[in-house]
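Protein chains: 2
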Amino acid sequence: MVKFQQAQLDRTFSALSDPTRRALLARLEGEEALSVSELAQPFAMSLPAVMKHLDVLSHAGLITRTKTGRTVSCRLNADPMEEAMSWLARYQRFWTQRLDALEALLNERRRDPAPGEGGSGGA
Amino acid sequence: MVKFQQAQLDRTFSALSDPTRRALLARLEGEEALSVSELAQPFAMSLPAVMKHLDVLSHAGLITRTKTGRTVSCRLNADPMEEAMSWLARYQRFWTQRLDALEALLNERRRDPAPGEGGSGGA
DNA sequence: CTGAAACTTAACCATAAAGTTAAGTTATCG
DNA sequence: CGATAACTTAACTTTATGGTTAAGTTTCAG
Chain A
1 MVKFQQAQLD
11 RTFSALSDPT
21 RRALLARLEG
31 EEALSVSELA
41 QPFAMSLPAV
51 MKHLDVLSHA
61 GLITRTKTGR
71 TVSCRLNADP
81 MEEAMSWLAR
91 YQRFWTQRLD
101 ALEALLNERR
111 RDPAPGEGGS
121 GGA
Chain B
1 MVKFQQAQLD
11 RTFSALSDPT
21 RRALLARLEG
31 EEALSVSELA
41 QPFAMSLPAV
51 MKHLDVLSHA
61 GLITRTKTGR
71 TVSCRLNADP
81 MEEAMSWLAR
91 YQRFWTQRLD
101 ALEALLNERR
111 RDPAPGEGGS
121 GGA
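In the order they appear, the protein sequences are chains A and B. Using the numbering used here, read the first sequence as starting at 1 and increasing by one per residue. Using the numbering used here, read the second sequence as starting at 1 and increasing by one per residue.
Derived by calculation from the structure, the hints in this document are not laboratory data. Among the hints, a few may not be true.
Here are the simulated EDC-like pairs of lysine to aspartate or glutamate, each with C-alpha atoms no more than 16 angstroms apart in a straight line [said to hold, decoys possible]: (1) 67(B) to 55(B); (2) 3(B) to 18(A); (3) 3(A) to 18(B).
Label pairs and their calculated CB-CB ranges [what the hints assert, rightly or not]: (4) 4(A) to 49(B): 20 to 26 angstroms; (5) 71(B) to 45(A): 23 to 29 angstroms; (6) 3(A) to 86(B): 27 to 33 angstroms; (7) 2(B) to 32(A): 23 to 29 angstroms; (8) 32(A) to 67(B): 26 to 32 angstroms; (9) 71(B) to 10(A): 29 to 35 angstroms.
Cβ coordinates follow ideal geometry from the N, Cα and C atoms, glycine included.
Produce the entire structure from the sequences given, and follow the hints as far as they go.
Take a look at the structure:
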């Protein structure tokens, strides 16, 4: 049963690994529903190429498509992202740990400023 | 400049889209450091195959490898996941919204139970 | 009923991914 | 120095990705 979830995660992460597809999703984040041609319009690539990306997205469950007449409405379905977030959340402690350490260091310096280390510096 | 981040996200999501690689990372989540052969041991595939996965992970910056004598220590570096989390976080409202709506619905029913709708139901 | 708009399918190509086996490298041990 | 352990590289195969152009479908407008 955990195998199915694995495959879903595979599809989700894989779908998200392409910048065109992330841009498509980002577009749908602000628009409720867009047709295939509206989605395709900003991209330099051909319509069929965009279609393939939409296929990947809908196979991953990240969009739904409904045909009305000759136009197809695409809308976002973020649900599969929740599982991806959960997977990543397991590792969150590693960077919060790091940030905590940084914060501690900064607090320490604020309390007891070391000489010759003030001013501007990029990290 | 945002292009570089895009490529990093590509690599991160792509690296995470394979179950073997996620298993390798999960292993390193609990172990601080493991050698290549220790990491490879649980898998049915050949050593070179695991090597390639490790190459992908380190190219994505998700692990670091340090050679000591003839053994190579791999350790987790979760930092790139933070960016992936941030990207996903933009969409978090979509499922929390959904959960909020569900919760509201349940509260409403608890207050004012509709007749003929009790019991078990799918979806 | 013709034609254009909005997709969809098909056929093809180049490159990358994921695996294999076989043949190197380096280290460490006896 | 020779053998073995721990990787690494090379060469190859198969399948998947991401793109193309060309040729269908439907559906709506005139």
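Quick rundown of the hints versus the structure:
1. 67(B) to 55(B): Status holds; Cα separation ~14 angstroms.
2. 3(B) to 18(A): Holds, at about 13 angstroms.
3. 3(A) to 18(B): Answer holds: residue 3(A) to residue 18(B) is near 13 angstroms, not above 16 angstroms.
4. 4(A) to 49(B): 20 to 26 angstroms: The hinted range 20 to 26 angstroms holds for residue 4(A) and residue 49(B), with Cβ atoms some 24 angstroms apart.
5. 71(B) to 45(A): 23 to 29 angstroms: violated (46 angstroms)
6. 3(A) to 86(B): 27 to 33 angstroms: Given range 27 to 33 angstroms: holds, Cβ gap about 29 angstroms.
7. 2(B) to 32(A): 23 to 29 angstroms: holds (25 angstroms)
8. 32(A) to 67(B): 26 to 32 angstroms: With a Cβ separation near 53 angstroms, residue 32(A) and residue 67(B) fall outside 26 to 32 angstroms, so the hint is violated.
9. 71(B) to 10(A): 29 to 35 angstroms: holds (31 angstroms)
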